[in-house]
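Mind docking chain B on chain A? Use the hints.
Those sequence lines, one after another, are chains A and B. In terms of this note's numbering, the first sequence opens at residue 1 and continues consecutively. In terms of this note's numbering, the second sequence opens at residue 1 and continues consecutively.
Some hints here could point you the wrong way.
[Stated by the list, open to error] Straight line, CA to CA, 27 angstroms or less: simulated DSSO-like cross-link-like pairs of lysine-lysine: (1) Lys59/A with Lys263/B; (2) Lys70/A with Lys263/B; (3) Lys16/A with Lys15/B; (4) Lys263/B with Lys216/B; (5) Lys151/A with Lys263/B.
Everything labelled a hint here was simulated from the structure, so no lab data went into it. These numbers come from a predicted model, not from an experiment.
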Amino acid sequence: MASSSKTEQKKMLILKSSEEEEFEIEESIAVQSGTIKNMVEDDFTLIPLPNVDTETLIKIIKYMKKHGEKTKSNEKDIEEFDKEFVKKSFTELKELVLAANYLHITSLIDLLCQAFADRIKNKSVKAIREIFGIPNDFTPEEEAEVYEQHKWAHEEGKEHIDHSAY
Amino acid sequence: MDGNNDAVCDDRISKLPEPILHHILSFLHAKDAARMSTLSKVWDSTWNSLPYLDFGDIFDWSINLNVVIDQTLANRKKHKSSMQKFSLCLRHYAGLCNVGNWIKIRIACNIKELNLRVERHDYQGNFVYGSLPEAILAAKSLNVLNLFGFNIELPAYDGTINLSSLQELHLSFVFLDEQFIKAMCTSCCNLEHLSLQYFNGLTSFQVGDTLPKLKKIDLVTLEPPHSVLQLVDIAAINLEDLWINNLYGSTNVVRITACKALKSLYLRGVDVTSNWLEELFYSLQNLVKFELIRCKNQKTMKIASDRLKQLRVVDCHNLISA
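This is chain A alone, in the form it adopts within the complex (with noise of 0.2 angstroms):
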């Protein structure tokens, strides 16, 4: 790494929204997402999000900015921001999976995969079913058919399944 002063000015970028709004952002925060890396590395500093809508920018600007600080002392202190950050509706988070995805930030996709993987654990077909509101395409024989291949898994084992959709 070049050596540089310590007051050295940092580098702002500008990440547009698909609805044309614009934030700044520090590009040492930025570069948590992977396409928005690239793009830096190809001289960019406006970066046009088409696929984030403004409302999910700003909620993963908010995600980045907290983990841009993480140092040895503040894990908790992130570990309770994540906590609060996935207690959101599924549509929320849908929107805000899609553009993790997107934008190739690993450690948030896996907090929102883990999130949506919580409220399933441990659930019966039937809860999930009203949960995510999954609508059942089989026909009553493929349903009894794909019921048979995984028996097992739908035997209460000593682990209790959870009827109930919360």
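Okay, now just chain B, sitting in the frame of chain A:
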């Protein structure tokens, strides 16, 4: 957002791209993930093509694991999906006899990562090592292998192993000997990271220059009366990171001056001398981080290096000046 009042379009999760659905399922135990297949055709296909299988800690299962895994694998073979990663943890591994077969099937599917853990105790409560299915040592597509609780023996028929794609090998609570290390040095030419923790049986650890990609080695020993590591002799020319951790006991002989690329060295419970240190800093021109913990027998120690950026010396009795 497309405006719709149709219940079908309310399905927020199934419309995500398959790689993301796979990623979500990868955080789930196989049982939860398999249940998803009865939800809709999309989920059935997602489960069947899921390249990861985590049967987790199946101590709680009251069903026949052999049947389950046979079925799951047969299904995958039918759908021709490749299996990337398989994790299995068995507390009471009575059913392990079938694991050999499963491994063979998975190897046929070019599995890349395998995590197997067994924890078995005899009637007195002592830890007992499980016997490792031989097929694992011939899984030439494996990149990552994690084994916990096994007795690692070379195959009886020819004593060789074929893990030529292996990049990472993590062995914990295992029993192994010098023969295995030797065979590993011959076969695992792509090995980058080797981790041996809480091992038993090995009293000397020797790695020559046959592993050109080896960058990191971690050794953590058990307490006596388990085997004590007496000799460490490493000549891996691209090794950057070496960690020797004797929680109790100590290693007498450590020869690492051939590891010219070494940047970071952690020694705990290694009895070094002033001369040894001098030779170390002279030979290892790239060393920038050095930690020395619990070293007896030294009254004076000179640690001088103009390249060293981080130095930590802890709990060295009898040390008068450094």
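Hints versus structure:
1. Lys59/A with Lys263/B: Roughly 40 angstroms between the alpha carbons, so the hint for Lys59/A and Lys263/B is violated.
2. Lys70/A with Lys263/B: 25 angstroms, holds
3. Lys16/A with Lys15/B: 25 angstroms, holds
4. Lys263/B with Lys216/B: Within the cut-off at roughly 10 angstroms; holds.
5. Lys151/A with Lys263/B: 53 angstroms, violated
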